[in-house]
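Q: Going line by line, the protein sequences match chains A and B. Sequential numbering of the first sequence, starting at 138, is according to the working numbering. Sequential numbering of the second sequence, starting at 168, is according to the working numbering.
A few of these clues could be false.
Below, computed lysine-lysine pairings styled on DSS-like, alpha-carbon distance capped at 25 angstroms [what the hints assert, rightly or not]: (1) A:Lys413 <-> A:Lys446; (2) B:Lys285 <-> A:Lys405; (3) A:Lys447 <-> B:Lys285; (4) B:Lys300 <-> A:Lys302; (5) A:Lys141 <-> A:Lys212; (6) A:Lys507 <-> A:Lys532; (7) A:Lys296 <-> B:Lys300; (8) B:Lys285 <-> B:Lys222; (9) A:Lys296 <-> B:Lys280; (10) A:Lys296 <-> B:Lys285; (11) B:Lys252 <-> A:Lys296.
These stretches of chain A come out as covered by chain B in the derived footprint (C-beta under 8 angstroms, 3 or more residues) [said to hold, decoys possible]: (12) 257-268; (13) 273-280; (14) 290-298.
Not close to chain A: a few residues of chain B, all C-beta gaps over 12 angstroms, as computed [stated by the list, open to error]: (15) Ala174; (16) Pro198; (17) Asn209; (18) Arg211; (19) Lys222; (20) Trp244; (21) Pro316; (22) Ile317; (23) Lys320; (24) Cys326.
Since the hints were derived computationally from the structure, they do not count as laboratory data. As the structure is a computational prediction, the values presented were derived from the model and not from experiment. Glycine included, every Cβ here is placed at the ideal spot set by N, Cα and C.
One-letter residues, chain by chain:
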Amino acid sequence: MARKAVIVGGGVTKFGVREATIFDLFQEAAKACSDDIPALKPSDVDGLIVCTTMAGRHSSALNTAPLVAHRLGIKPTSICIRLDTLCAGSNSGIIVAKGLVESGIAEVIMVTGAEKVYMPQRWETNYTQLATNDHDWDSAMGLGVPPPFFAMIAKMHMKRYGTTKEQMAHVSVANYNYGSTNPKAHFHPKTLTMEEALSARLIAAPFGLYDCCPLSDGGSAVIISSAERARELSDRPLVYIRGTGQHATHSMSAGWPGETLAEWPHLKRAAEVAYKNARVSPRDIDVAQTHDCFTISEIIEVEELGFCKKGEGGAYVASGAINIDGERPTNTDGGLLSHGHPFGASGARQSLELCKQLQGRAINQVKGAKIALTHNLSGTCAQHTVVIYGTEPVK
Amino acid sequence: MADLQTAKIVGTPALEGTYIAEMDIWPLECPEFNRNYQFYDNLREGRFTTTRCKKCGHTAFPPGVICPRCWSEELEWVDLPQRAKVVTFTETQAGAPLGFPLPLIMAWLNFGKDSPIKHLLGRIINCAEGELKDDDEVRLVVFEVPSHPIEVKRETKVCDRVFYAFERVK
Ligand SMILES: [Zn+2]
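With the rest of the complex left out, here is chain B (with noise of 0.2 angstroms):
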């Protein structure tokens, strides 16, 4: 019969201080993992932007680095509409994913007829339960998430996040 070694740890020991890229509720933005870094650029700078494809004209969303339309390479860099209309919405109190404060508020987005993207499904922030109603209208907001390190060589390199958001215009 073996000896039993005993030993009290709870948890993942290997988690100390440690970033785990698959357990992140952002995306990786930096160049060093992302070719489309600079649509968050742009978010830095206050714009709303997307890939637009140079040989057919077909805005798509996300951006890309070939255009689903005709697989064309050339794209360039467009605006979007920065305002939309709720279509309808989703408060959530309890159960929402960890890390996203409560209430946790969905909207269906629609940015007009003019706009290369109809729909979008955006988060609600700075708004309170019940504030919220269908038709109103919400502006996007842009603010920073957590930053990430990245191994550069014997170097650690910190890349820093920002992601958007929507609220309601007043």
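Okay, chain A solo, but in the shape it has when bound (with noise of 0.2 angstroms):
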């Protein structure tokens, strides 16, 4: 049989504003990866794919990865490289993984991801945000922080499919209460109700306070191995890499590929790509992380993911679908809502959330998960990232 890409584990560090440099998150990542695979060395790691993209202005850390190698005392021999898709880092690297594990080039891959968001004025976090898109162009209209982006696609749905802010309210309950669970979470142990939700102050309207993810420091790591040296790492059942899709339409406002801002079509490709290549369709997917860095993401994001039909996404989010009793329990980690977003680090969280969730060790456990999916989205929604796992390989 051909070599299969497995995730054998990993650890994330405590999200939020860290007394910490990105060096010492990226140890942080390791030592909590270690933890949960005990047997790991870093002898084991033959290769290191390092995301981040705020390094190499925050860190002033351009050629990242040796650095990184270093003070995991990692000796990388296949692959030791920075990778930057922003708020995708590191899902783009185990997509890189995979190919590399299956093609025979590496056998053990550390994906991992750390950003250094907070710095010592206040300040510079928003103004290096204008560098996160097209500078010369659409930043220097203004768009640096995305609230006001996403604060005009969620006025949008809101117009032509009749969205309302409850629906969204019901993202934001709903994965405030699973991060309320998840030590890790930028917002441990908060919880949320409908009423706290909707009488926030305003952020930017319609979005209300938890409408919002926040920028957080934080970083991850994950394992990336072939089937056969997971078996020699950890007793626990193999989580395989099914299929991946990524699709980058534009760079800047111009060439925006829906109808409108409410239509995301590159993430319905993307998602084409993935399930083609998994061999599942939308109702195989058992439970589901989504990029919610604004509440109205999930609501698009399971329109495009072909959760229910285009525009139904407020009805689907408020029926109860995403919570740990609905249909497919999404963002079961408590998502980006609760964790916040260091850039690199959130695809690896993700990804380490659905590993658990198929090898049955999640907090909250999905009962009998098969297939998972994980999105993210990069920037203002300029590129789709979609990873798809399943406790079967792909025959």
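Could you fit the two chains together into a complex? Lean on the hints.
A: Okay, here's the thing in structure tokens:
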């Protein structure tokens, strides 16, 4: 049988405003990963993929991968690279790792992501974000922090499909309550009621405080290996990376692919590719991690991922489908809304939760979960990344 | 044990009067750094332009040095519409990136079905908070933005710059 890549396990640091350098966070993530896979030694890891966006500016670390390798005591022989797709960094890393493992180039790869977002003066974080959009065009229009852009998306979705603030609040309530059980989440142990969500202070109309994920410092690391090596490293059930898709359509607003901001055909396309490679359909997905940078994002994502009809995302989340007893529990570790979002670290954090779900050891365990999907959007919705996992490999 | 040598400096000494492009919110527009400097020269004359491919007819935005559809280098400068309709917009009262005055108003603009570019995110200036409405018509505004120095041999040349935004047609 052809070589199959699996996710063995991993770890995340505490997310939040951290009194730490980015290298402290990479070390903490590796330590958490080793706690999860006790048999793993630094010398077992032959490949390292380091996912970070801010390191070049906030930590003055442009050629980051060798620095991280040194701090982790890893001496890679197959691959040692930094990868930056902003919010999808470590999920992109997992796609690359799958290819390298299945082709035989690598055996055991650590995909790790971290960001040091908060700086000694607060303005610098927003200022850096001007460089995460198309700087000379959209950023020079003032597009830096994401809330204004996603607020326009929400206004458009409300106008076209009748989505309501109450429906959006169902997402924040679900995800905060999941996150309240997860000590690594930025806002742990905060729970949230509909009343609190709807009466929160305004951030950018129509978003209140709980509609927006915070930026966070944090790190994560997962181990991707061949099934054979995974059996040597851990006794847990194997979790296969069944299929992946990544689709980029534009760098700036003039290239927006949708009819309006409320349609995300580039996500639909990325998902189609991933479903095809994974040989599954949307209704096979038992548990999902979608990029809930804003409540409206999760609503549009469940539509474009095919979990409900286009335009019915608001009704879908309000029906309880995303809750633990619902038809497809989503963001069961608290998602970005409760964790916060250290860009390069979020994908591996999401993937670790799905690994745990498919191994039957998640905190908010979905009974009998066999197929799981994770999704990131990058930046101001310029790119979409989808990875599908399963307890069985694609035959 | 080593002695501690004390110093009372707050901030970054190297920044005294220095231009750092990576801290700049505006593009490098001059011919020394940008093959599409014509876009900014045209802006200075009140023209909103981009590049069109002479091979396949595709109009790209932003302008480039190849056609992103057929990769031809045979391009020409063409004018874009200067008026658009506001589809939806957002007003920021706090937390705008440094250098952008408040309120920072950004709108999703529709240039109409005859325009080679359908949508664009545009900053709306000369507009008070609460004034802008969906479906309002806006038009191009060109304004000067801070110059920057460049080193040419031993001389320092100053590059003047312009940028654009949109304002409400009253
Ligand atoms: Zn062409």
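Q: With reference to the structure, classify each hint as holding or not holding.
A: Right, here's what the structure says about each hint:
1. A:Lys413 <-> A:Lys446: Roughly 19 angstroms between the alpha carbons, so the hint for Lys413 of chain A and Lys446 of chain A holds.
2. B:Lys285 <-> A:Lys405: Distance ~21 angstroms between Lys285 of chain B and Lys405 of chain A Cα, so the pair holds.
3. A:Lys447 <-> B:Lys285: Answer holds: Lys447 of chain A to Lys285 of chain B is near 23 angstroms, not above 25 angstroms.
4. B:Lys300 <-> A:Lys302: 21 angstroms, holds
5. A:Lys141 <-> A:Lys212: Holds, because 24 angstroms separates the two Cα atoms, which is no more than 25 angstroms.
6. A:Lys507 <-> A:Lys532: 15 angstroms, holds
7. A:Lys296 <-> B:Lys300: Judged against 25 angstroms, a Cα distance of about 14 angstroms means the pair holds.
8. B:Lys285 <-> B:Lys222: 21 angstroms, holds
9. A:Lys296 <-> B:Lys280: Given pair Lys296 of chain A, Lys280 of chain B holds - Cα atoms ~21 angstroms apart, limit 25 angstroms.
10. A:Lys296 <-> B:Lys285: 20 angstroms, holds
11. B:Lys252 <-> A:Lys296: With Cα atoms ~16 angstroms apart, Lys252 of chain B and Lys296 of chain A stay inside 25 angstroms; holds.
12. 257-268: As far as the stretch 257-268 of chain A goes, the hint holds, because 6 residues have Cβ atoms under 8 angstroms from chain B.
13. 273-280: With 8 residues close enough to chain B, the hint holds.
14. 290-298: holds (count 3)
15. Ala174: It holds; Ala174 of chain B is separated from chain A by about 18 angstroms at its closest Cβ, greater than 12 angstroms.
16. Pro198: 15 angstroms, holds
17. Asn209: 15 angstroms, holds
18. Arg211: Holds, since 16 angstroms exceeds 12 angstroms.
19. Lys222: Non-interface label stands for Lys222 of chain B: nearest chain A Cβ at 20 angstroms, farther than 12 angstroms.
20. Trp244: 16 angstroms, holds
21. Pro316: 19 angstroms, holds
22. Ile317: 17 angstroms, holds
23. Lys320: Given that every Cβ of chain A is farther than 12 angstroms from that of Lys320 of chain B, nearest at about 27 angstroms, it holds.
24. Cys326: Non-interface label stands for Cys326 of chain B: nearest chain A Cβ at 14 angstroms, farther than 12 angstroms.
Comparing the model with each numbered hint stated earlier shows that all of them hold.
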